[in-house]
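Following the hints, put chain B with the ligands in place on chain A, whose structure we already have.
Which chain is which? The protein sequence lines are A and B, in order. Numbering of the first sequence is given in my numbering, commencing with residue 1 and proceeding in unit increments. Numbering of the second sequence is given in my numbering, commencing with residue 1001 and proceeding in unit increments.
It is worth saying that the hints were derived from the structure and are not from the lab. The model shown is predicted, which means the values in this text are computed figures rather than measured ones. Heads up, the beta-carbon is just placed ideally off N, CA and C, and yes, glycines get one too. Keep in mind that the hints are not guaranteed to be accurate.
[To be verified] Restraint ranges, calculated between C-beta atoms of paired labels, are given here:
{"no.": "1", "chain 1": "A", "residue 1": "Leu720", "chain 2": "B", "residue 2": "Pro1096", "range": "27 to 35 Å"}
{"no.": "2", "chain 1": "A", "residue 1": "Glu590", "chain 2": "B", "residue 2": "Glu1115", "range": "24 to 32 Å"}
{"no.": "3", "chain 1": "A", "residue 1": "Thr33", "chain 2": "B", "residue 2": "Asp1155", "range": "34 to 42 Å"}
{"no.": "4", "chain 1": "B", "residue 1": "Glu1156", "chain 2": "A", "residue 2": "Glu545", "range": "32 to 40 Å"}
{"no.": "5", "chain 1": "B", "residue 1": "Cys1028", "chain 2": "A", "residue 2": "Asn659", "range": "26 to 34 Å"}
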Amino acid sequence: MKMALPWEDRRLGSAQFGVVFFTSSQRQETCGTNGLPLTPNSIRILGKSQYLKSLNHPNLVQYVDVIRAKHERIVVVSEFHSNNLRKLIKSGQIELGTINASSEILKIGRQILSGLEYLNKHGITNRNLQLENIMLDEEGNVKMFNYGLYYMTNCGKFITFPIGSPKYFAPEILHHNTKKGQLMHYCDTWSLGLILVELVLGKELWVDLKLSEIIIKIKGFRGSSNVFKSILEEEGQLDIVQKLSPGVRTLIEKCLIVDPVARPWPKQLLKDMRIFSQDVQVDSCKAECDLQDEIQLDSNVAMDSHAHIFRSLTLPFTTNFSQSCSVDESHDNQQVNGDDQNRSNLQYFSIEKSAEMPLSTDTSDLLKGRSLKEVYYLWQLAGGDVIAELKRQGLTRKKPAVLSLPNSMTLEGESSGKSKERGLLLDQTVIILPLNELRKRLNDIPAEDYYPLLEFPQYHPRSENGIFVEETSTLPLIIREKDIEYQFHRIVLFDRLLGSYPFTKSVIYKEAILDIPPFFRANIWSCLLGIDGDVAHNYYSIDKETPTSTDRQIEVDIPRCHQYDELLSSPTGHQKFKRVLKAWVVSNKEYVYWQGLDSLCAPFLYLNFNNEAMAYSCLSAFIPKYLYNFFLKDNSVIIQEFLAKFSQLIAFHDPQLTNHLDSIGFIPELYAIPWFLTMFSHVFPLHKIFHLWDKLLLSDSSFSLCIGLSILFQLRESLLNSGFNECILLFSDMPEINIERCVKDSVEVYCNTPRSALCRKFDPPCTTQCSDLGRQVTLYDSDTHFRTTDKPPLKSSPSTDALKTEAISLADLKCEKCTRISGEDFLELLDLTRSKFQQPKMIVIDVRNHEDYNRGAIPGSINMPFVTAFAQDDSLISCSELSILNANIGKIIVVVGNRGDSAVKFAEKILRLDYPKICVLHRGIDIFRSSDILVVPTTV
Amino acid sequence: MANRQSGGSNTAGGGAQRPNGAPQNKICQFKLVLLGESAVGKSSLVLRFVKGQFHEYQESTIGAAFLTQTVMLDDTTVKFEIWDTAGQERYHSLAPMYYRGAQAAIVVYDITNQETFARAKTWVKELQRQASPNIVIALAGNKSDLSAKRMVDHDEAYAYADENGLLFMETSAKTAMNVTDIFLAIGMFL
Ligand SMILES: Nc1nc2c(ncn2[C@@H]2O[C@H](COP(=O)(O)OP(=O)(O)OP(=O)(O)O)[C@@H](O)[C@H]2O)c(=O)[nH]1
Ligand SMILES: [Mg+2]
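So that you can see chain A by itself, here it is in the shape it has in the complex (with noise of 0.2 Å):
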């Protein structure tokens, strides 16, 4: 049997996109106590609003979107379904006084009081209950709609209308009985006790009265001990109450006690048994049917198919049901004001979800089956805007009702006539996507492009996916992630292939390489992390709360990072903002917080704005892997180290900009110190930073001094013409750099430098035994390049220790301009394998005396004596041997000596005419002294 998973996010089903707006209020005062402006309202409303989009139950319609536009309006998308109460009222389909409605009835009303304890369990109060806001789904299933809204504008601070219907307002709202902050559930119970009144009544109530005479009506019942029974006396409809069933008339009584105290929250009337205790069982009874109906409807697969992808997705409401009336209570404490903690945990079931293909070709009924993020994601690709839409509608263009309102509301005093009356309330348009130009784009997508059949790990998708993909997937990558089919297709795989994880990863390394579809990225960079365990529970077990000295440092520097960015500048954005570095801080005893870490931790909280446990997790990841020791307190020979190492890899790949940099004193420590210890977040709007990491993620901390020389060759004429001051100038603001060919010239960097060039002292110590993915499974593919698999060692290479890579001493590197490669990394490069027609890959200069070279010396190496080599000017003396030399220029030049410090003397000589690519043997020519590598050099 196959079930949508609690974690799975909603098909889209029959639903569709609605779209409501509202202003957001001004703020009166326009600075702050430190001289700033304020945060203007709408963003602190879409800050807050983000949390909304990662609830998810049967009965609450799923926001998709919440937009900020022009004139602080904000646009809110989300699930929508065209029938509602207020529309079943009007068919007249109750039909009054019957079991049958009774059950129908309380059916209602229990999806209604599941959703609301849902909500309650997550801190917020709907506050927004009315007929139309109470959806129907094509199976008569309760979706409540707009029930964010109360919640998104702090209780309705963040604007200047009421929220919801006076009519359903508890009498408590009305007395203003009720004190700010306070959570005030028990409304809600009253709205839907007047919801059950009305659906019993098959009719709308009071909709002949004006707002004053509802609002006198609805403080009347404060004497009343039987609202209920007050309401049907006026209504005429006593008997009414006989032929309802016990449940019904006890759930409505409850609903509608007078005395806020005295009525109970959603989740108690859920469990109250005198309600719900004949009913559930009817309807488990009900249920179990229809869970044969499904069973039966599976093995006929075939029938139709999209009436079973839309059953088995709503299949787990029937079944939730049930469990839901003994929820855990542990967690409502802190779901109050901590979010998130049922979702963050990432997934690790492999679960084979319904890929069979059904025989429909039909593929417009297939988007049925996608998500409804993800439909709209596509629809916006297919150049959806939602903006446009609003004004395409008409709807933009209309001065804003809620502009004209006063401040508040002062309810005694409106009787003024019903127009009046109507514009006190907020605009309940609601403007639908129209989904069919996504759907056109969609149409050649054949049906089983929808259910990819992965079969691991051979699954090589893109030659299965047709041509289109494959030449799309060497466009450039703006291009890409614009393009509606190819992300479809990358949508579609790695949804699948993430559902599997951990047993994808090396699937979903191998398709990182290629790029990483938007969509999916904050999913598929916790996979690359490796992130795993109860990732919710580690966090929320940190305290993040007790004051600590770094907590002034990290209050000042949240406000000036990346705050260009709506969410990261809102006050929830904040909020988040600290906890997470505090949790990090707390959890790090021996790290500190340096400067700069606030922007590393950006990155990942954008991606993961519902998920702060992931945020955090992420960070925590990355920081080993990608900056291990950076953040110790004394971390200065970490950071020298990496900045020595930078120095070589700019002196192995461009020697004239080193010789320039050089001569005027420029040096990498005036500069850089931000570019790593940030790992550049501190220098690239968060959009760069994307596609920067989407690589480095899949390499190790050595790719970032590749990216660090590829900004330096983007700058390269800028700096050759420069002198120290315009050089400086040029870094303390970061001119506009191309991302994409920096991410381009960086993994080209990588790839042509020997892995033992990059190698450093203080390199996390997992790297150096790396086994990790990055080494099986072909980091970047090609193979002239370094990177590639792992090969089986030489026969003839001396197995001692002296080839493996091995860090020098700070010191030592300091004062080395060129780099050193280790015997292994030389001996790959000699490649003795090579056929006599190969070119080889490098050229080895020889600079012992004749005599030693004579003895033995590496075949095909030339021999150019340090003493010797060099005219009074320090410039090469003429001969034969150089002439080899410069016919080899391009190639790797490997300096080999004995252990002095001629070949690094010889090296950096030789660097200062130019001549790039330049590497030391390490330990000198006496490593291969045991092997039978060395010969005698045939005199020519």
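Using the frame of chain A, we list chain B with the ligands on its own:
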């Protein structure tokens, strides 16, 4: 990591990059460093002086940033080479690399925060001990636009500056008050 500053500053001071001023003008070049606790507004002051701008969300400084500004003082062209340093205490070890060889320093504190004033005092002490002996030190009480939240008394700071032979001004990078003035005052002094 402060092993080699002299190279940097020497070359920087070298004649190669000097703009060719009109012949009758004298050209002076100063190396100036800004020090002070984090978030007191060092980068904001420099930005105001150099570009006439103010960013509410001025990014924090990691390591140091470098900017230059040229102004005319009477018949002299004065070129400021400004090193804006990171304020966090942890970056302290980097500071000598920047103030060594500097002819002037502006030590900044935030008038709404007493601790930043204390920190400024320790900077002054350190400069008096470690920097070149004839370095000109100015004390800037920044964020003077927030006088409603003032925690550091103007007269107290003035007295302290007087005692220690420092130039003193209260500045606001936000309103631009006294910003150019404090740089020019240093220029005049030199
Ligand atoms: N009201 C007001 N705010 C200011 C003023 N100067 C700076 N700020 C604000 O104070 C905050 C910190 O300013 P920065 O210039 O980044 O401080 P900094 O001293 O360079 O800080 P670090 O780089 O961390 O050492 C920013 O949000 C500025 O907008 C001012 O004169 N008045
Ligand atoms: Mg700064």
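Consistency of the hints with the structure:
1. A:Leu720 x B:Pro1096: 27 to 35 Å: holds (30 Å)
2. A:Glu590 x B:Glu1115: 24 to 32 Å: holds (27 Å)
3. A:Thr33 x B:Asp1155: 34 to 42 Å: violated (24 Å)
4. B:Glu1156 x A:Glu545: 32 to 40 Å: holds (35 Å)
5. B:Cys1028 x A:Asn659: 26 to 34 Å: holds (31 Å)
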